[in-house]
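*Asks:* Residue numbers (numbering that gives the first Met the number 0), protein chains in the order written: chain A, 0 to 329; chain G, 0 to 507.
Please note that the accuracy of each hint is not assured.
[Said to hold, decoys possible] Residues of chain G placed beyond 10 Å of chain A at every Cβ, according to the derived structure: (1) Gly22; (2) Ser103; (3) Gly107; (4) Asp411.
[As the list claims (entries may be wrong)] Derived DSBU-like pairs (lysine-lysine); straight-line CA-CA distance at most 35 Å: (5) Lys487(G) x Lys86(A); (6) Lys219(G) x Lys200(G); (7) Lys487(G) x Lys432(G); (8) Lys428(G) x Lys78(G); (9) Lys86(A) x Lys499(G); (10) Lys105(G) x Lys86(A); (11) Lys86(A) x Lys114(G); (12) Lys96(A) x Lys499(G); (13) Lys279(G) x Lys482(G); (14) Lys156(G) x Lys105(G); (15) Lys86(A) x Lys230(G); (16) Lys299(G) x Lys230(G); (17) Lys96(A) x Lys200(G); (18) Lys297(G) x Lys275(G); (19) Lys96(A) x Lys299(G); (20) Lys86(A) x Lys495(G); (21) Lys219(G) x Lys233(G); (22) Lys86(A) x Lys366(G); (23) Lys78(G) x Lys96(A); (24) Lys96(A) x Lys87(G); (25) Lys346(G) x Lys366(G); (26) Lys63(G) x Lys96(A).
[Stated by the list, open to error] Pair by pair, the computed Cβ-Cβ distance ranges are: (27) Ala209(A) x Gly506(G): 54 to 64 Å; (28) Thr129(A) x Asp341(G): 45 to 55 Å; (29) Lys230(G) x Phe63(A): 38 to 48 Å; (30) Ile149(A) x Glu430(G): 40 to 50 Å.
What the hints contain is simulated information worked out from the structure, not anything from laboratory work. Note that CB positions come from ideal geometry on N, CA and C, so glycine has one too.
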Amino acid sequence: MVTAVTEVKAKSPTLVSKLDDVDLKARTLDFTPSVMNSVQKKYFYLWLILPAVVVLAAISLYPFFWLIWMSLNDVGINTSSAFVGLKNFTRLLGDDKFWNGWQILLTYSALCLVFEIIIGVFIAVVINGTRFENILVTIFLMPMMMAPAIAGLIWYFLFNSTFGWYHWFLHSIGILGDTSIIGSTDTALFGLVIVDIWQWTPLITLITLAGMKRVPRDQLEANMVDGANAFSNFIQITLPNIYPFLLIGIMLRFMDNFRFIDVILALTGGGPADSTNILPVYLFEVSFRYFKLGRGAAIALTLLVVTIILGKILVRVFEGPASKRIDVGN
Amino acid sequence: MFSKPKNPLYTSVTRRKFLELGGGAATALGVGSMAVGLNTVIMKSPVQAASSDDAKWKQYAGSKLVFLSENTPPTIALKEKLKPFYDKTGITVEIITDDLPVVSQKMGIDLRAGKADFILEYVQDKPIGAPYAEYFLDLNKYINDSSLPQDPEGYGKDAWFDNYLDISCYYYDRDHLRALPYDSAVACMFYRQDLFEQYTKEFEKEFGYRMEYTKDSTWKNVHDFASFFTKMRKGGKAVPYGYAQHQGNFAWTTQLDIQRHLFSHGRWTDFNVDDKIGSKTPGPTNWGDPTSVFQMQKFKELADVSHPDNLANGTLELNTVYQAGEIAMQVQYNEFAASVEDPKTSKAAGGKTAYAPCPKGEASWIKNGGQAVNGCNAGIAGIGINANGSEDMRRAGYLFSIWVTSTETQFDQLKGTGGTPTRKAVLQKPEVKAAQQRPTSMPNALTFDAVYNYGIKDPHFVLGPKLPEANEYYNIIAAETQKCLSNKQSAAEACKAIKKRVDNLNGI
Numbered sequence: 000m001v002t003a004v005t006e007v008k009a010k011s012p013t014l015v016s017k018l019d020d021v022d023l024k025a026r027t028l029d030f031t032p033s034v035m036n037s038v039q040k041k042y043f044y045l046w047l048i049l050p051a052v053v054v055l056a057a058i059s060l061y062p063f064f065w066l067i068w069m070s071l072n073d074v075g076i077n078t079s080s081a082f083v084g085l086k087n088f089t090r091l092l093g094d095d096k097f098w099n100g101w102q103i104l105l106t107y108s109a110l111c112l113v114f115e116i117i118i119g120v121f122i123a124v125v126i127n128g129t130r131f132e133n134i135l136v137t138i139f140l141m142p143m144m145m146a147p148a149i150a151g152l153i154w155y156f157l158f159n160s161t162f163g164w165y166h167w168f169l170h171s172i173g174i175l176g177d178t179s180i181i182g183s184t185d186t187a188l189f190g191l192v193i194v195d196i197w198q199w200t201p202l203i204t205l206i207t208l209a210g211m212k213r214v215p216r217d218q219l220e221a222n223m224v225d226g227a228n229a230f231s232n233f234i235q236i237t238l239p240n241i242y243p244f245l246l247i248g249i250m251l252r253f254m255d256n257f258r259f260i261d262v263i264l265a266l267t268g269g270g271p272a273d274s275t276n277i278l279p280v281y282l283f284e285v286s287f288r289y290f291k292l293g294r295g296a297a298i299a300l301t302l303l304v305v306t307i308i309l310g311k312i313l314v315r316v317f318e319g320p321a322s323k324r325i326d327v328g329n
Numbered sequence: 000m001f002s003k004p005k006n007p008l009y010t011s012v013t014r015r016k017f018l019e020l021g022g023g024a025a026t027a028l029g030v031g032s033m034a035v036g037l038n039t040v041i042m043k044s045p046v047q048a049a050s051s052d053d054a055k056w057k058q059y060a061g062s063k064l065v066f067l068s069e070n071t072p073p074t075i076a077l078k079e080k081l082k083p084f085y086d087k088t089g090i091t092v093e094i095i096t097d098d099l100p101v102v103s104q105k106m107g108i109d110l111r112a113g114k115a116d117f118i119l120e121y122v123q124d125k126p127i128g129a130p131y132a133e134y135f136l137d138l139n140k141y142i143n144d145s146s147l148p149q150d151p152e153g154y155g156k157d158a159w160f161d162n163y164l165d166i167s168c169y170y171y172d173r174d175h176l177r178a179l180p181y182d183s184a185v186a187c188m189f190y191r192q193d194l195f196e197q198y199t200k201e202f203e204k205e206f207g208y209r210m211e212y213t214k215d216s217t218w219k220n221v222h223d224f225a226s227f228f229t230k231m232r233k234g235g236k237a238v239p240y241g242y243a244q245h246q247g248n249f250a251w252t253t254q255l256d257i258q259r260h261l262f263s264h265g266r267w268t269d270f271n272v273d274d275k276i277g278s279k280t281p282g283p284t285n286w287g288d289p290t291s292v293f294q295m296q297k298f299k300e301l302a303d304v305s306h307p308d309n310l311a312n313g314t315l316e317l318n319t320v321y322q323a324g325e326i327a328m329q330v331q332y333n334e335f336a337a338s339v340e341d342p343k344t345s346k347a348a349g350g351k352t353a354y355a356p357c358p359k360g361e362a363s364w365i366k367n368g369g370q371a372v373n374g375c376n377a378g379i380a381g382i383g384i385n386a387n388g389s390e391d392m393r394r395a396g397y398l399f400s401i402w403v404t405s406t407e408t409q410f411d412q413l414k415g416t417g418g419t420p421t422r423k424a425v426l427q428k429p430e431v432k433a434a435q436q437r438p439t440s441m442p443n444a445l446t447f448d449a450v451y452n453y454g455i456k457d458p459h460f461v462l463g464p465k466l467p468e469a470n471e472y473y474n475i476i477a478a479e480t481q482k483c484l485s486n487k488q489s490a491a492e493a494c495k496a497i498k499k500r501v502d503n504l505n506g507i
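Bound conformation, chain A alone (with noise of 0.2 Å):
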């Protein structure tokens, strides 16, 4: 672009004195009418945002401050209020179910971080680049655009043991016997991670094939001449050139997984036994079936805080390498 301007202005010297002037122009970005004094002029900006500041506020500050606000308060059903200072939160530690609920949020949240990331990248790599990319990519986007509760609600019949077809298949082969997975202690979990690995790996090989495409195709054939194999090509060279991609796809579903509460209530409500009830169910069960709001404020707070950290190290931890390949790839 500074290239053609200077060209132009080369070839066109008659046009160089606008062309500065429309320059300087957009440098002091002066928009204030010429009738304002400097006092008037200092506060015209501040006008113009002032909408923007007040949205801004009324749907995310003021929520914000006002969870802190209940977090120290009892707040329940009666619309009276009481000050309790930090016993909403004191008294979540010896909550065995808040407990219960980061563990399981962990749990869940690494299984389908680990299974969306590989089967994700995998699909990528085999569709990459051959004739049918753009209707596979259509058709595995399909469980992407489906609401969560809805999906929650087709597993629920898919695995029921009555009526359920993937449970019939199953156990018609014999990998499940009369229980279903989601009636078990032992497997509930595992059923959730298959719905969100269903409905999110697509996510990570869109990405993926984004990535993908920026790959320097000479590295790839620099490499191959120097004797690697399409393994070896994937490791050394694709692989770094997508990781800032992925690392955006694990930063998406990692927060995803600390929101998104609505195929677990669809389909195992937390139970059973308290298996599924990873800490955002628990927090929606304390809130709006309890309606003890100041108690659930406290559990939102914790989990927003956790969350930031956690992202924080997750970027930490992706960063660094993320950015020393790309200075190879350069």
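Got chain A sorted already, so can you dock chain G onto it with the hints?
*Replies:* Only chain G this time, still in chain A's reference frame:
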């Protein structure tokens, strides 16, 4: 084609002006239709005590009421039968239905916010009535109001089936009438009589007595029947499993399931309070005592010989399992009889199923010296009026409440897709008496003898606990019981954990 006068009286409309007008009109229409579409709307014609009954019914003609209800068969039937109410009052009623937990959440938000988006509320006794009781209007105010029409049969204890006022209308005291009994689901035994007759000889060889289910059959007998069928099934024979429990993810019915078992054996209850009225301060729970531990163990033993997918089957799923011919017995709520008797969806239809009271306590299993009874419980909902509404909204709501709980309306529902009457007078109708025998056009009536003449009467009926923290309480019972059934903890550990968590919940 059209000529424009030189000095027109009107002025031309500019494009900007046109867009402004159009935008304003669209906004007004949108806001207006949302207000009309979602909320209760009130129109009023004043009446006096001396006005005619017809005028009293029509005093809110042109109004619209919104009723939030669980998606029960009686409510589904009611949706199709609202025209008589409109003809009588000129009031339109919109009924919004959903699963009970969702209804409870929507209602809780509406009530706590001080709003009345839903002026008529489905007051399911414990999950909704117990926590939100004070948000429902005391109906005593309108029962004695001469400017409102009244039901000729009245609203006293004798008008309704036994215990119904206590169950669904009174919370923590009998001074405030928070609702009127609207529908009921009472537990009773559904069992495959055809299979019992077919296998009775084989059963007798093994267990030494005939395989018959009567009102004197005990939980031990049920265990024997269940283990007999399950053993045959596991041996490769094409028979159903014997029994299944309500141990799915609907915590309330999971709690009710073990409550029946416990109450049958010595009338054990969770707290030492008046169980029918409930308490805001129930004191320490009885969980963890020798009776509860012993019965939890027996409950677990029954689970071990029941359908293997016990922990996935909530009430609705359990009935589906029975309809599919996968179990020979279930303790189920009587409103499901209509679906069981539907030959299009049920393998148990066509006279194969018999209905009887819930099992009796086994005398040798009683540890507290109490009485052996046919422990029976229920989900009985009242129709309540949101106290956040304006006076006129509440009065209009009262018209619907007394109409929908009248004998004629309940009889009409019973003829539809499966009503569950709450007024005694419905059972006195000759058509209903006749319908209690096969062949019948009102399948739910096949259960009436077991539930109305037996199950809901004392000493068999158990209600509680009615607590402000009822929903959390059920979740505790359900989770710890499920852990025991899935071998994650022993019966004693489960009861101890329940005791600890429940007492903590109640501030003990």
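*Asks:* Would you mind marking each hint as holding or not holding in the structure?
*Replies:* Evaluation of the provided hints:
No Cβ of chain A comes within 10 Å of the Cβ of Gly22(G); the nearest lies about 18 Å off, and the non-interface call holds. For Ser103(G), the condition that its CB be more than 10 Å from all CB atoms of chain A is violated, with the nearest at approximately 7 Å. Consistency note on Gly107(G): stated as away from chain A, yet its beta-carbon is not over 10 Å from all of that chain's, at 5 Å minimum. Non-interface status of Asp411(G) relative to chain A is upheld: no Cβ of that chain comes within 10 Å, the nearest being about 33 Å off.
In summary, the hint linking Lys487(G) to Lys86(A) is supported, as the alpha carbons are separated by about 31 Å, within the 35 Å threshold. Restraint check: the Cα-Cα separation between Lys219(G) and Lys200(G) comes to about 19 Å, which is no more than 35 Å; the hinted pair holds. Only pairs whose Cα atoms come within 35 Å are accepted, and Lys487(G) paired with Lys432(G) is rejected, the gap being roughly 49 Å. Of the supplied pair hints, the one linking Lys428(G) and Lys78(G) holds, its CA atoms being roughly 23 Å apart against a limit of 35 Å.
Under the criterion of a C-alpha separation no larger than 35 Å, the hint pairing Lys86(A) with Lys499(G) is consistent with the structure, at around 19 Å. Distance check on the hinted pair: Lys105(G) and Lys86(A) sit about 28 Å apart at the alpha-carbon level, within 35 Å; holds. For the proposed pair Lys86(A) and Lys114(G), the alpha carbon gap of about 30 Å is at most 35 Å, so the pair holds. Proximity of Lys96(A) to Lys499(G) is assessed by CA-CA distance (about 13 Å); at most 35 Å being required, the pair is judged to hold.
Proposed proximity of Lys279(G) and Lys482(G) is supported: the alpha carbons are some 28 Å apart, at most 35 Å. Annotation: proposed proximity of Lys156(G) to Lys105(G) holds, straight-line Cα distance about 31 Å (limit 35 Å). Between Lys86(A) and Lys230(G), the direct Cα distance comes to roughly 53 Å. Violation of the 35 Å bound is thereby established for this hinted pair. Taking the CA atoms of Lys299(G) and Lys230(G), the gap is about 17 Å. The hint holds against a cut of 35 Å.
Under the criterion of a C-alpha separation no larger than 35 Å, the hint pairing Lys96(A) with Lys200(G) is inconsistent with the structure, at around 50 Å. Taken as a hint, the Lys297(G) and Lys275(G) pair is honoured in the structure, with Cα atoms around 26 Å apart against an allowance of 35 Å. Between Lys96(A) and Lys299(G) the alpha-carbon distance is near 23 Å, which keeps this suggested pair within the 35 Å criterion. For the hint pairing Lys86(A) with Lys495(G), the CA-to-CA distance comes to about 25 Å; that is within 35 Å, so the pair holds.
A distance of roughly 21 Å separates the Cα atoms of Lys219(G) and Lys233(G); the hinted pair therefore holds under the 35 Å criterion. Taken as a hint, the Lys86(A) and Lys366(G) pair is broken in the structure, with Cα atoms around 40 Å apart against an allowance of 35 Å. Simply put, Lys78(G) and Lys96(A) have alpha-carbon atoms about 40 Å apart, too far for the 35 Å limit, and the pair is violated. For a cut-off of 35 Å, the pair hint linking Lys96(A) to Lys87(G) is broken: about 52 Å separates their Cα positions.
In summary, the hint linking Lys346(G) to Lys366(G) is not supported, as the alpha carbons are separated by about 40 Å, beyond the 35 Å threshold. For the suggested pair Lys63(G) and Lys96(A), the alpha carbons sit about 44 Å apart, so the restraint of at most 35 Å is broken. Range check, Ala209(A) to Gly506(G): about 56 Å between beta-carbon atoms, so the 54 to 64 Å window is met. A hinted range of 45 to 55 Å holds for the C-beta pair Thr129(A) and Asp341(G), which are about 51 Å apart.
A beta carbon spacing of about 60 Å between Lys230(G) and Phe63(A) contradicts the range 38 to 48 Å that was offered as a hint. Against the hinted window of 40 to 50 Å, the Cβ-Cβ separation of Ile149(A) and Glu430(G) comes to about 43 Å, which satisfies the hint.
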